[in-house]
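Between the sequences and the hints, there should be enough to build the whole structure, so can you do that?
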Amino acid sequence: MRHKATGVGQQVIDLQANSLSKRFGTAAPVFSGLDFSIRRGECVALVGANGTGKSTLLRCCLGLIAPDAGRVSLLGVTLADLGGTARRELRARTGLVGQKHNLVPRLSVLSNVIHGLLGRHSGPRYWIQGLAPAEARAAAMAALEKVGLADLALRRADQLSGGQSQRVAIARALVCSPRFLVADEPCASLDPQAGEEVMALFMSLVKREGVTVLFTSHNVQHALSYGDRILGLQGGRIAIDARSADVTPLEMAKLYG
Amino acid sequence: MDSPARAVPHRFNRPGGIGFVSYVLVALVILWSLEGAGWSVDRLLSSPPKLADFFSRAWPPSTHNLDRLAWKMVETLQIAVSGAAIGIVLSLPIALLAARGVLVGRGVNLVVRIILGFLRAVPDLAWALVFVVAVGLGPFAGMLAIAIDTIGFCGRFFADDMENTDPGPAEALTATGARRIDIAASAVIPAALPAFVSTGLFALEKAVRASTILGLVGAGGIGIELKVGFDLFDYPTAVTVILMIAVVVIGVEQIGAVLRQKIMGPGR
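In the order they appear, the protein sequences are chains W and V. For the first sequence, position 95 matches number 95 in our numbering, and the numbering has no gaps at all. Residues are numbered in our numbering as their position in the second sequence, beginning at 1, plus a constant of 257.
Mixed in with the good hints, there may be bad ones.
Claimed, not checked - Part of the chain W face toward chain V, derived, beta carbon under 7 Å:
| # | residue |
| --- | --- |
| 1 | A66 |
| 2 | R91 |
| 3 | V104 |
| 4 | L118 |
| 5 | S122 |
| 6 | R125 |
| 7 | V220 |
Said to hold, decoys possible - Now the in silico label distances, taken between C-beta atoms and shown as ranges:
| # | chain 1 | residue 1 | chain 2 | residue 2 | range |
| --- | --- | --- | --- | --- | --- |
| 8 | V | V286 | W | S189 | 49 to 55 Å |
| 9 | W | A66 | V | A294 | 38 to 44 Å |
| 10 | V | I371 | W | L64 | 17 to 23 Å |
| 11 | V | R377 | W | G130 | 32 to 38 Å |
Keep in mind that the hints were calculated from the coordinates and are not lab data. Every value quoted in this text rests on a predicted model; they were computed, and no experiment measured them. Quick reminder that beta carbons are idealized off the backbone N, C-alpha and C, glycines included.
Right, dumping it as structure tokens:
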């Protein structure tokens, strides 16, 4: 394994994975014995061929899927030790941007963004924008402003283009000011130009707000340009863990070989 | 003509031993059922003259009591609409408990689904008989019967509709720490809403069909007129009732089909 990343010193660790393993049914493990950490404010690109378990690993990191073995510590809290309420409180400081954008199609853009506040506020007032408190509407509009879609606040989510839809998903993820964000191939369903725009916008926003990010991408250039660090998965193991400036295109190509 | 390089395959495969026995068993069960149902060729062949006699006495349909029959039909529709509306509204919270992975655990899902299965298994006429005993004769008993029948139907299908929604939005909200009830209300129910409307329209059509015969057991509606018509050999009135029922049921089905098409699109 190539491991160039240096020790983390005194910096705060936002994500620590130890001996992480996962298998589905009786099939071979998706991955096993993974160890890595992500420092506060770091942006890490998780890369690897299809089927290497990138999406599964992301979900294990957020506690959406339980690993078979090993331990995940997120924002200083061990996920396995958490009960329902504590887990929700932790998740209120995290977010997920998915490949399919995952907006509720029949609701307005504004309602979808307000849903990003549901980790911190519960109840019918946060279900649709018409009932939402003024401060929630203002926060959602501010998030839409950041992604340049404030003028589409009342448009139905299923009437957006792919790029607009993903920008709304980013606004929903950012509206609660998360500490840690996971993005699972955020540009996979977009054309190259829209994908480039969305990725640039997403990364500028998270860097400006100092959010720690773990993202996956099949776009090698995105991984190298936007990731401070590359985590490369191959054969269920971490094959690359190095600063992106130190990873060559050839090493990246080998991951997909 | 050239002969093919390979032999032409058989048109049909000869069934195996188990397949052959299965066909024979199915045939025996059907014959046994026909015998139990009193199948009689003689009686079937002797029926046309009796049917012709009935229609000669029933035709033309009576128009004497059209006002009274029309009001009874209005009452029938009131039973159907109010019963279906109450049933649909009550079905939603029950379906939330029955849908897997939405609000509660598998144990509760199973128990609620068994209860819904029981509500569906008991015929609407049987529910009407029960409610006639409980609340007395009249349309109120019929409305309660329709409501219970609708809960059994919509509770199950609303739950299925929710289970079939895209899990992505729910997962995105789970990742932000949202509670299950908030996820259900914000992501699952809005996504399932078109399917709910379609299921609800089917429930209304079913309620209209059921409500037309609840009067046979004293639970209100036009069914009592049908029963009285046959009991008093007033066949013209009975045929008028049958035609009114057919027009209303077909009309409601057509309106339902148009609304479903508008809401769901041509795909469903």
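For each hint, the structure was consulted:
no.: 1; hint: A66; result: 14 Å, violated
no.: 2; hint: R91; result: 3 Å, holds
no.: 3; hint: V104; result: 5 Å, holds
no.: 4; hint: L118; result: 4 Å, holds
no.: 5; hint: S122; result: 5 Å, holds
no.: 6; hint: R125; result: 11 Å, violated
no.: 7; hint: V220; result: 26 Å, violated
no.: 8; hint: V286/V with S189/W: 49 to 55 Å; result: 52 Å, holds
no.: 9; hint: A66/W with A294/V: 38 to 44 Å; result: 56 Å, violated
no.: 10; hint: I371/V with L64/W: 17 to 23 Å; result: 30 Å, violated
no.: 11; hint: R377/V with G130/W: 32 to 38 Å; result: 36 Å, holds
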